[in-house]
Amino acid sequence: MSAVAATADAGVVLPGAKPVVVAQGLTKVFKDFWMRDRVRAVNDLSFHIEPREIFGLLGPNGSGKSTTIKMMLGLLRPTRGRLAIFGRAPSDVAVKERIGFLPEESFFHQYLNARETLDYYGRMFKMHGRTRTKRVDELLDMVGLTHAQFRPMREYSKGMQRRVGLAQALINDPELLILDEPTTGLDPLGTRQVKDLILELGRRGKTVVLSSHLLADVEDVVDRMSILYGGVKRDEGTTDELLTSSDKTTIETDALDEETIAEIDRVIRERTGGTKSLLRVSHPRMKLEQKFLDIVERARSESVSTSGASGEGATASFLRADGTADQGGNAGDELIDRLTRAVATPEPAAAPEAEASAVDEPDVLGDLLKSDTVPVDTDPAVGRGLADRPSGGPTAPQPAPQEDVDMDVIGSLLDDASDSGDDDDGRAGGKP
Amino acid sequence: MKLSERLASADRFQKSRGFKIGASIVVGVATLGLVVAVLLTGLSDDAGGTMPAAALPDFAPLAEQGVSPEQIELLRENAASAGRARDLLDGLREQSGGVLGLVLGIVVGGAVLTLAAWLGLLLTFTGIAGAVAVVAGPLWFFPETRDWARFAAGLSLLGVMFTTIFRTLRLAFELPGPVFAVARNVLAEAVRLRLSVVFIVVVLIGLAALPASLDPDSPLRYRVQSFLQYGSGGTFWIIALLTVTFGVATVSFEQRDRVIWQTMTKPVAAWEYVLGKWLGVSALAAALLAVNASGVFLFTEYLRQLPALGEREAFVSQGEANEISEDRLILETQVLSARAKIENVYEDVPVDEIREEASRRAAEQAQRDPTLTTEAAIDRRARELAAEIGEQLTKQVVAFQRVIEPGAARVFRFPGVGERATADGPVVLRYRVDSGSNAPDVTYRMSASVAGYPYVVRPIALGVTHTLPIAPIIVTSAGVVTLDDPLFEELAEAIRSGLALGRYVTVQEMVDDDGALSVQLVNGDVTMRRPNPEFASVPAGGMSVSVGVGSYRANFLRVMGVLWLKLAFLAMLAVTAATFLSFPIALMIAGGAFLLAEATPFIGDALENFGTAERDGTVILHKVVAGQVASAAHWVFQTYGELRPTKRLVTGEMLEWSGVARAVAVLGVWTAVLGGAAVVIFRRRELATYSGR
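These protein sequence lines are chains A and B, in that order. Counting in the working numbering, the first sequence runs from 5 upward without gaps. Counting in the working numbering, the second sequence runs from 366 upward without gaps.
For reference, chain B alone in the conformation it holds in the complex (with noise of 0.2 angstroms):
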């Protein structure tokens, strides 16, 4: 028997009834032992590696040592609060799931695997397997060919997941009626259409590659961030691409092939063709975007599993006190993480007193101008100076409240944060300083007093982001211990055994009565006395404190489904320009669009200083419709410029769910009113064209 013949008997055979029961039984049984045995040896390990909360010590013959009963009581809540940073830290070290994570992924496992042997694809995808371990397996034992190996592993397993979603959404499809054929046949269009074929390998062997350019030899939280910016910022721009050009291309092909004459001849309306072309393309980008989510997710778990820097294996110190290492703790809280980012609030602007300076300094400019000449002529002119300078005064008294002089201090106010934060959850500033032109050579050292704690001295890079975890802290009598210091969990366990004095203070007793945090930073060094050379500035959005408010898992799945929308919205987009437009210029609008909607935080910037007219006051009419455009533009896409999925998901924000509702409100209306318009565009228009010469 020939090769493709033993092949064609093997197709045969995974999809037969009688394989597919065999098989869903077989993968059925393998998980429910895999899920009971790490559920075993889970609970196994928890009973014999946890070792029971230790009791406080017993302080009360202290007394007899003199200690007055208000001081023993002070030790013993001090004792008990500090017992709380083990598990705090304990949390930060099981955040790769766990046992529960594991079953999690096992169940996971399973149902796919069932679903491939449903869809008669198991052998297939065995086969593949079989391949991938005979090709892969070799070059994973050496060095320098381990990243060829791990390319064909992840490309075989993008390629089998996206194989597996495809033909789901295919069989989802069958479904009777015009719109599901439409959006079937869309979906064959998509693997055989040269177009979309590039976009979707392109996809797929990029998100493959890109773990081969990740520099092993940097922090690991560079490497997670650099991945999740390129793996779902950069593949979902790809996406994006393919559902505009290919959501064009799929409509306008048809009508300039005139295919569409044998559609439109058939009892589908109008409405059934426009949705069944967006279910298509959406359905496409869905697949694709599941594919980059399950790849993205599984590799950043892998790297999650890494050693960070400081540590001898993933979760362990190099040192001997196993403290969490700055770059761990930086990864755990503020990028596989779903933090609120909370920003300072600047004194209110003095409106009043800002006028009124303006007015009086307008009024004597305006005297002292020796072109005007009567009464009118000043005052027109003292109005028109009033409005510039009280425009300047306010920005110079917004400036002046960023600016720390050398050796001087300012508070910064995060209001909010008790409301957030939770009570042991980790606290972060983050902050940037400027200062004269951010010479990169040259260092400061910044002093940060939260609540009135004592000050902590950290030395910074010029016009760079720092991080620093402001609560809870350990206040000894040598000053404050931060989280991100070695000696944290020595110390709290040193507190907690009674062996050493200081207090372990959480957020909530730092913020005040309406539930703000206070931090107040000095343009020098506090402990030496020494002042920083120059002024020191915060520019806008520079300084925020991060307090932890949800999982990064669950904030991924809220960032994906964000993403979907956007596609989704992107895909009415090209669909309802294809209606009417042809390729070229359908892709030119469809695109431009898609651009515009990108950069419209960057327009919404740029319009915050766009002037419109001279300095003398003349009108520049082309600078006014520029304005006038990118204003409609920016208030057309302002919710889906705002939404910022992937840097939130890069950065560790939190991607609430207001702001998913919000998307889906916003996004799902500007879908319909686009689809309503192909509607009626599709019905007006004539598809048929003169034939006669």
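Only chain A is shown next, with the shape it has when bound in the complex (with noise of 0.2 angstroms):
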């Protein structure tokens, strides 16, 4: 499959370019004492990861997600098989240059503070004294713990711990970031966030492996995901390959009496010969997570103190496109830009829901009534009954962040998204 057929409706990738990541036919097993095998944990795994790409790697807990990842930073050797990290073996010292890792657990020396580790990693990467501290403050900003750099590590909550994870992550402004598991931890506002600066590097031209078995995180924001099982590959693709079911149909309006949805019954019974109905008629439900996030913003309005991470803060210049001059290196990300404006085939993008809830009924009845097929949302849970569905689910209307969350991660999201001209990458708009 070539580099751009890979990604065609994920994101833009230069035609040619060469896959960031190659693994063919991995394997690894794990031997006991006796060298025994004892466990298989990937088992001939063959995949790779585009430039620009948002991969996800989906999977029950022991699915060999992590295994994977380890393999990708050199932490662990192949039993067999081959990878490559931007055409290098994964131990060079020169591929993690351009590598940021995030692990599945918050692994840090807990004597220093936030600051302390930040500045360490940053030392790690021959920064100089003043883009390191530039780069430290602007990540401990972005992720909510100005406040509370100088406290020890070991004082830190979990989720505090990821936060101060994921900054050091991108301490080196990386080509590849690797998140493994990046949402456990952090509480809706974090993993509200950590989705949205997964999808801000990802329009920054940033390549984003991201491993999970929360399927609504990944869901959200990767473009194109494989799915594991006892250290095999089970599917592989976009997530509108994957996800799209082409035999049912959703229509969302605003509230129908009784006798108007018996009306549009009746009328589908009539098209199709009476082969046809409506399976499911309920009221959405708004998703927990918009709950939440809708509290916190009201507490922050009112000015309500807490002691923990407050997720104020703003992306990092450096890792933004409206980023100002850094050391780190933009020119390369400016040139990348430049050359995917010139390259990127605009997709129709997707109708926002929050314009498809805005549209007055009569009209969205009589488009329904008059095409054959009109696939404004569609639910594989559509048919299986109530019972049966999730609560949450997709068939609930999906809330439009920028309207309930007011960051300046968002902020800056719209503000590119104009800039730029409506999602010329073609990723925004297919994701919340």
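A portion of the hints provided could be inaccurate.
[As the list claims (entries may be wrong)] 20 angstroms max Cα-Cα, derived EDC-like pairs, lysine to aspartate or glutamate:
#, chain 1, residue 1, chain 2, residue 2
1, A, Lys130, B, Glu637
2, B, Lys760, B, Asp799
3, A, Lys130, B, Asp789
4, A, Lys138, B, Asp692
5, B, Lys760, B, Glu718
6, A, Lys138, A, Glu120
7, A, Lys35, B, Glu1051
8, B, Lys1012, B, Asp970
9, B, Lys760, B, Glu770
10, A, Lys280, A, Asp251
11, A, Lys162, A, Glu204
12, A, Lys162, B, Asp622
13, B, Lys988, B, Asp970
14, B, Lys760, B, Asp713
15, B, Lys706, B, Asp789
[To be verified] Simulated restraints, written as ranges between beta carbons of each label pair:
#, chain 1, residue 1, chain 2, residue 2, range
16, B, Glu1007, A, Asp141, 51 to 57 angstroms
17, A, Ser95, B, Ala1030, 32 to 38 angstroms
18, B, Ser947, A, Asp141, 37 to 43 angstroms
19, B, Leu606, A, Tyr233, 48 to 54 angstroms
20, A, Glu101, B, Leu397, 47 to 53 angstroms
21, B, Leu397, A, Asp141, 42 to 48 angstroms
22, B, Ser947, A, Ser95, 43 to 49 angstroms
23, A, Met39, B, Gly926, 31 to 37 angstroms
24, A, Lys35, B, Phe975, 39 to 45 angstroms
FYI, nobody ran anything at the bench for these hints, they're computed from the structure. Quantities reported herein were computed from a predicted structural model and do not represent experimental measurements. Ideal placement from N, C-alpha and C gives every residue a C-beta, glycine not left out.
Put the two chains together into one complex, using the hints given.
Dropping the structure here:
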């Protein structure tokens, strides 16, 4: 599969660009003390990750996600198969200059504070003092820990440590960001921020690999994913390829009375000769995540104090598209941006749900009645019945985050979107 | 304004560039002023206090009294020679360094204060000094609490020194790159990890409290030796244990806690990580050792300024002649010195004769053995017996050369003394005599004659090392007067003035043409013609002469340098062990290796007498294995063990530059080999583990 074809609907890649990660027949067998096979954690796994792609490794616990990531980082050696990062062996030090890594748990020197931790990892990249200090300041602000930066890490909550972990993974403005269960331990606010950050980094041309068993988190952000079970790849493709159910249709309107619903059902039966009908009618529920975010936002507006992470910070300038000049080497990113604009093929943007909800009911019904198929939203759960439907399931309207979360990150996202002409990379429009 | 705000404000002020520049100027000017004042005072003292060397008396008129020209020339030579005694004694009295030492101390102090200013610590240190003065000042005025005052002052001084050195090292590790980042982090870990902090506190408190443990009534030389022994030797052990424990902990904990995942996914090569860890641990050891060395050195100099036994004040004798007391003489020539130790050589063992005699006896015994019926069996048994008998005979011959019968004499020869001794430098005989069970209530009288000069008779306790200054001596018609004799200086002056007859003999006049010095030791009192009751023997290594060949201060620096080399080696040993072993196992291995290395001299001695077979020739397997292991360990750590820097410091033995070079070469190679192994292991290891279940 060519690089362009691989990400045709996912993102924008440079034609002929080499994959960032190539795995062929990757196998990892853990041995016991007597060198007998103990666990075959990964078995004959092949995949590739293109530049500027957000790639998800999905699977339940023990499916081989973390093992794969550890092999990508050189922390484990494959028993068999080939693995190349930027065309080199994962253990190559030069490769690590271009990688940021967030492990599944927070592993830090507990005697250091957050600032010292970030400073320490900044030194690893031979950063000059001033650049390092600036980046540390921005990252601390971004993850909302400026006020707690001098507290030892051992006093941090798990979520706060995850935030530091995220900051250290970004200190070198990496080309490839590897996130192992990035939202584990984070509150919904932090989860949302991480997801927004991943999207923003993707827009900046970074390649992101993330593993998770929290499928909703992955679905929100990835372009393409590979689903593992028992160390074996079970499926792979873009989000739409894997999740769209073409034999069902979901319609969302303002609230309807029983008569109208009955009328719609009647129309459907008439048009299909009685072979199809309304399968499920319900009132959408707000996602709990959104409810939580609303509460936090309200508390902030009332200046309620907290000793934890504030989560207020803007994305560090060196990570943003509009970032000021930084010695971290944004020139390369700008070049990629220019090239990207030149080759980007704008996709037809999916209708924003906020707009959809604002459309008058009669018009929607009219359109429905006029057209044979109108793919507004597709839900695999449709038809399973109310009892089977997961709470806050996909049939619920997806609230527009721009309206509910007033964060600088989002602001910058909107700025960038407007600057670059409505999702010129075709990614943000398909995501919440 | 709250106190904390005031302190924060003061801290900001001391860290401002203006303060640093201003403080540097003030300290510089003060240092310069003090140096000039000391120099001016010192020069004026020298001008007024030192009498010009008196001219030799005119012996010519003696010719009119019938004295022959040859005798007059001899008198003149003796007078001139005896005049050199004053230089020697003045030299011993000025071992404390005099004006130049004081100037050097002021300059070093000024440099440290300037460094503290640029580290942003000067006001902090000034505050600490003020607090200590307030607390310790009143305590100093009461004899009962004076030790507490000394402890408080010492502890704060050591703490200040440690902080200064530590911060300087951290500043040095601001250099870019992963190696320095890792090293810097190790230092941060050292002062925040409970494990290492305990060791650091123990070192500082132990050293500060050590002076209080010295017995003020014991001879000064013993106090100094005790302090050097525990101050440098004891503290070295604590620092070494810290180095091993912390070196293992900093690497293994990082792997145990998986922090290594974060580190090694950054652009850090295995060699950079290992080097950084080693650098950090070695730097910590260096900081503690430097603090320890400074504390030991300064307090030793303080002790040196206290009156020795037989002195009413330092360097001033209780006697009217202001002679050098024995305590002071031994302190300056045997303890606070850098002397070469020259052991006597025994006569060559007559190997051929012993072999012949052994064969003869073995053949006789084999012939008499009724169990041996064939010629072949008799021959085989004779060969086995010949080896055993030969070994016994050799031991007997060697032992015989160390034994002196009651009333008999034995000559001990010390080669190379002429080459190493300076013309006027004192030479001291160190000897130990054993007899019977070395009963503590028995005193022997031993007589010694050097190079054929009259005997000196000394009462001695058995089983204890004694010293006898054997050069220079003054030979008179009444006998020999040694340097520790209260009359020595007075007699030398009398000879120089022509008021007494005698000859001032230096070591160069005592050695033979080959430069060897011969000492005849008699088991008894020759003047009283009374032999001691039993055989006397000199144990192996129990007879030597020591010759001053360098300065104590330079020796001190070399000793500290070698101690750091040992610590750096231990640091790499610990880091290497922790690259592939868990904390307890790595600690056991590295700690065991450390103990083994320190015990190498004892292992070497034990191996000499270690048998691996029964009397009947049956080989004992486990002893063979133990012997092989011990031999291998001895081979590996031989250089490490033989250095014995602390022992040399305590006994005033010179640590030769050649010894330092050998230490650098051998320990350097071992450290590099261990480091290389650590890098290879680290590169081959999988740092992550299976996280699934």
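How the hints compare with the structure:
1. Lys130(A) to Glu637(B): The given pair, whose Cα atoms are some 13 angstroms apart, holds under the 20 angstroms limit.
2. Lys760(B) to Asp799(B): holds (17 angstroms)
3. Lys130(A) to Asp789(B): Not OK: Lys130(A) and Asp789(B) at ~60 angstroms, beyond 20 angstroms, violated.
4. Lys138(A) to Asp692(B): Since the Cα atoms of Lys138(A) and Asp692(B) sit roughly 65 angstroms apart, the hinted pair is violated (cutoff 20 angstroms).
5. Lys760(B) to Glu718(B): Distance of about 14 angstroms is within 20 angstroms: holds.
6. Lys138(A) to Glu120(A): Between Lys138(A) and Glu120(A) the Cα gap is close to 13 angstroms, so the pair holds against 20 angstroms.
7. Lys35(A) to Glu1051(B): OK: Lys35(A) and Glu1051(B) at ~12 angstroms, within 20 angstroms.
8. Lys1012(B) to Asp970(B): Distance of about 17 angstroms is within 20 angstroms: holds.
9. Lys760(B) to Glu770(B): holds (18 angstroms)
10. Lys280(A) to Asp251(A): Roughly 11 angstroms between the alpha carbons, so the hint for Lys280(A) and Asp251(A) holds.
11. Lys162(A) to Glu204(A): Distance ~24 angstroms between Lys162(A) and Glu204(A) Cα, so the pair is violated.
12. Lys162(A) to Asp622(B): holds (15 angstroms)
13. Lys988(B) to Asp970(B): holds (16 angstroms)
14. Lys760(B) to Asp713(B): holds (12 angstroms)
15. Lys706(B) to Asp789(B): holds (17 angstroms)
16. Glu1007(B) to Asp141(A): 51 to 57 angstroms: Holds: the Cβ-Cβ distance is about 55 angstroms, inside 51 to 57 angstroms.
17. Ser95(A) to Ala1030(B): 32 to 38 angstroms: holds (34 angstroms)
18. Ser947(B) to Asp141(A): 37 to 43 angstroms: For Asp141(A) against Ser947(B), whose Cβ atoms are near 39 angstroms apart, the range 37 to 43 angstroms holds.
19. Leu606(B) to Tyr233(A): 48 to 54 angstroms: holds (51 angstroms)
20. Glu101(A) to Leu397(B): 47 to 53 angstroms: Holds, since Glu101(A) and Leu397(B) (Cβ atoms, about 51 angstroms apart) stay within the stated range.
21. Leu397(B) to Asp141(A): 42 to 48 angstroms: holds (43 angstroms)
22. Ser947(B) to Ser95(A): 43 to 49 angstroms: violated (23 angstroms)
23. Met39(A) to Gly926(B): 31 to 37 angstroms: violated (47 angstroms)
24. Lys35(A) to Phe975(B): 39 to 45 angstroms: holds (42 angstroms)
Of the numbered hints stated above, those contradicted by the structure are hints 3, 4, 11, 22 and 23, listed in ascending order.
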